[in-house]
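Enquirer: One letter stands for each residue in the lines below.
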Amino acid sequence: MPGVDETASWFPLMGSGALRAGGLQPVRLGGYPIVVWRSASGKLSVWRDRCPHRGMRLSFGEVQGETVLCPYHGWSFGADTQCKFIPAHPELKPPRAGRAEAFEAEEAAGFIWARAPLAGGRDVPAVPDATAGFVPLRSLSVGMDADETLAALIETPLVGPLALDPEGGAVLGADHAVIAVPLAPGRTMVHLTVSEAMAADERAALVAALRRFRFAHAPAA
Amino acid sequence: MTRTTDPVALNDWYVVGYAPDITADAPRRTRLLGQDIEVSRAPQGGFACREIGEDGGRTVPHVEERYGFVWVCLGTPAQDIIAIPEFSEGSDRRFLHRGRIAVPISGLRVIENFFDLSHFSFVHTGTLGGYGNAEVARYDVEFREDGTELWAVGCSFVQPKASAAVATQDTVVYYDYRIPRPFISIIYKDSLVERGRKDLIGLFIQPVEETSCVVHSFAFIFDRTNTDTDILHFYHEIFAQDRMILIHQHPQALPVSPLGEVPTISDASSVAYRRWVDQSGLEFSVLRNWTGDQMTRLGQVAGSGDAGVAA
Chain A
1 MPGVDETASW
11 FPLMGSGALR
21 AGGLQPVRLG
31 GYPIVVWRSA
41 SGKLSVWRDR
51 CPHRGMRLSF
61 GEVQGETVLC
71 PYHGWSFGAD
81 TQCKFIPAHP
91 ELKPPRAGRA
101 EAFEAEEAAG
111 FIWARAPLAG
121 GRDVPAVPDA
131 TAGFVPLRSL
141 SVGMDADETL
151 AALIETPLVG
161 PLALDPEGGA
171 VLGADHAVIA
181 VPLAPGRTMV
191 HLTVSEAMAA
201 DERAALVAAL
211 RRFRFAHAPA
221 A
Chain B
1 MTRTTDPVAL
11 NDWYVVGYAP
21 DITADAPRRT
31 RLLGQDIEVS
41 RAPQGGFACR
51 EIGEDGGRTV
61 PHVEERYGFV
71 WVCLGTPAQD
81 IIAIPEFSEG
91 SDRRFLHRGR
101 IAVPISGLRV
111 IENFFDLSHF
121 SFVHTGTLGG
131 YGNAEVARYD
141 VEFREDGTEL
151 WAVGCSFVQP
161 KASAAVATQD
171 TVVYYDYRIP
181 RPFISIIYKD
191 SLVERGRKDL
201 IGLFIQPVEE
211 TSCVVHSFAF
221 IFDRTNTDTD
231 ILHFYHEIFA
241 QDRMILIHQH
251 PQALPVSPLG
261 EVPTISDASS
271 VAYRRWVDQS
281 GLEFSVLRNW
291 TGDQMTRLGQ
301 VAGSGDAGVA
311 A
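Heads up: the protein sequence lines correspond to chains A and B, in order.
Going by the numbering used here, the first sequence opens with residue 1, and the numbers climb by one from there.
Going by the numbering used here, the second sequence opens with residue 1, and the numbers climb by one from there.
No lab work stands behind these hints: they were computed from the structure.
Here the structure is a predicted model, which is why all the values come from computation and not from measurement.
Quick reminder that beta carbons are idealized off the backbone N, C-alpha and C, glycines included.
Any given hint could turn out to be false.
Computed spacing ranges between beta-carbons, pair by pair [stated by the list, open to error]:
{"id": "1", "chain 1": "B", "residue 1": "265", "chain 2": "A", "residue 2": "43", "range": "52 to 62 Å"}
{"id": "2", "chain 1": "A", "residue 1": "151", "chain 2": "B", "residue 2": "259", "range": "49 to 59 Å"}
{"id": "3", "chain 1": "A", "residue 1": "95", "chain 2": "B", "residue 2": "144", "range": "22 to 32 Å"}
{"id": "4", "chain 1": "B", "residue 1": "36", "chain 2": "A", "residue 2": "40", "range": "48 to 58 Å"}
{"id": "5", "chain 1": "B", "residue 1": "104", "chain 2": "A", "residue 2": "129", "range": "37 to 47 Å"}
{"id": "6", "chain 1": "B", "residue 1": "169", "chain 2": "A", "residue 2": "124", "range": "51 to 61 Å"}
{"id": "7", "chain 1": "B", "residue 1": "102", "chain 2": "A", "residue 2": "216", "range": "56 to 66 Å"}
Over the 10 Å line for every Cβ pair with chain B, so calculated as not near, a few chain A residues [claimed, not checked]:
{"id": "8", "residue": "22"}
{"id": "9", "residue": "42"}
{"id": "10", "residue": "80"}
{"id": "11", "residue": "101"}
{"id": "12", "residue": "122"}
{"id": "13", "residue": "124"}
{"id": "14", "residue": "133"}
{"id": "15", "residue": "151"}
{"id": "16", "residue": "152"}
{"id": "17", "residue": "196"}
{"id": "18", "residue": "200"}
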């Protein structure tokens with residue numbers, strides 16, 4: 001994408017399975033509201049959660065076919081970000097400037113990824129090499145910054161030792177890893193990803209440990 | 001925040017309370033333009049207003065009761081409180097205080113939403129509009145009263161239920177919107193009960209902070225069948241729907257640069273309003289140079305001072 005800041009990096013926003021075709025979800029990244037949506041045919045979009053017409057959050061709207069509708073005036077936007085239809089003027093070709101603001105988006109390793117002009121993410125939309133074959137298990141938000149979250153996980157691991165991934169943004173264990181994504185100041189999303197071969201009871205124990213970790217570092221209400 | 005230094009904002013009149021709500025033993029403490037104030041009944045009649053500050057406060061000389069509300073100007077009034085001639089018609093209209101509702105957004109965004117026609121079908125589906133009739137017919141924007149007031153006239157819209165007083169049936173309803181001051185708007189809506197007469201619905205915004213306000217509102221209408229409660233329920237449902245939109249607009253102040261937000265034909269009144277506000281010199285609640293703050297291009301991060309982003 002032209003003009004993207006050099007400090008831009010990739011962040012996993014949610015598991016791919018968390019968003020069905022025709023679904024839309026609000027998320028935050030670096031303090032900004034983001035909307036993630038899939039068209040009826042499955043095309044993925046990650047946009048700033050803001051209609052260019054009057055600044056309303058598109059995540060309060062709905063997906064209709066291959067477009068997303070703003071809840072305020074019903075403007076509909078295609079996956080190319082261009083406004084396709086303005087209900088107040090059915091005969092009018094919508095203005096070219098009527099475009100949503102898109103992030104580069106990819107799906108990889110079971111996650112939906114977006115490239116944003118923030119440090120602290122990954123250089124490519126991929127989980128650490130050591131976690132090839134891992135699958136997303138659970139995502140929770142905690143009330144700390146991302147680097148604090150990773151430090152806390154190293155100090156008090158979930159079930160076994162965790163070490164900082166050399167590339168940053170994640171901590172790695174033998175059969176599981178945690179990726180930390182900055183949602184807003186003092187608020188971080190942690191994605192727990194585990195070896196595909198991990199048994200059900202081990203998965204349950206990890207999720208329970210992650211929930212205890214969250215309880216100990218709960219976000220402010 | 002502290003009291004604004006914007007002279008255009010300070011020298012205007014604002015409603016700060018509904019007169020019957022302020023009694024001898026219950027003054028109203030509130031905030032106007034960042035300044036804490038207390039409005040009370042004056043011993044000699046009428047109302048008094050005092051600024052509350054660490055230095056003990058200061059008496060505000062400009063306090064008036066008009067149209068059932070208490071008005072305050074913190075500076076030196078640049079003009080009189082707006083005239084609403086219908087209030088002296090000795091009218092057979094019913095007056096209803098529609099309440100006082102806080103909204104964490106620029107009061108200018110609230111006014112702009114109030115005179116917006118094209119949201120009816122989507123935000124007030126089933127009452128003021130419907131999906132099947134979303135098209136906005138042409139209307140005219142003009143300046144009246146020696147160019148001091150903005151009006152959008154000849155507005156019309158197909159409404160399933162235009163007021164509490166009418167049965168549910170698609171009807172073309174005709175409107176004029178009067179915007180006499182940046183923080184005030186009044187609808188003049190053709191009555192469906194009393195042909196040839198107008199229902200008035202007005203919003204008086206109390207700008208509390210740059211991005212928060214209290215909406216004082218009245219209805220002055222023809223309705224011989226409904227109870228006050230029924231009429232208020234109708235209005236409150238409408239306003240709750242608007243509020244859901246208003247609290248999620250970004251940025252929270254009103255961007256007046258034509259590059260900030262993208263209008264279409266039906267936004268002619270909004271385009272004129274933003275230009276009028278811009279030219280008025282008003283700074284409070286206004287964003288002059290906002291052109292979109294695209295996150296994908298500029299690399300803005302949290303904590304960069306964008307008041308519009310709540311963590």
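Enquirer: Provide an ascending list of the numbers of those earlier hints which the structure does not satisfy.
Expert: Structure breaks hints 1, 2, 7 and 11.
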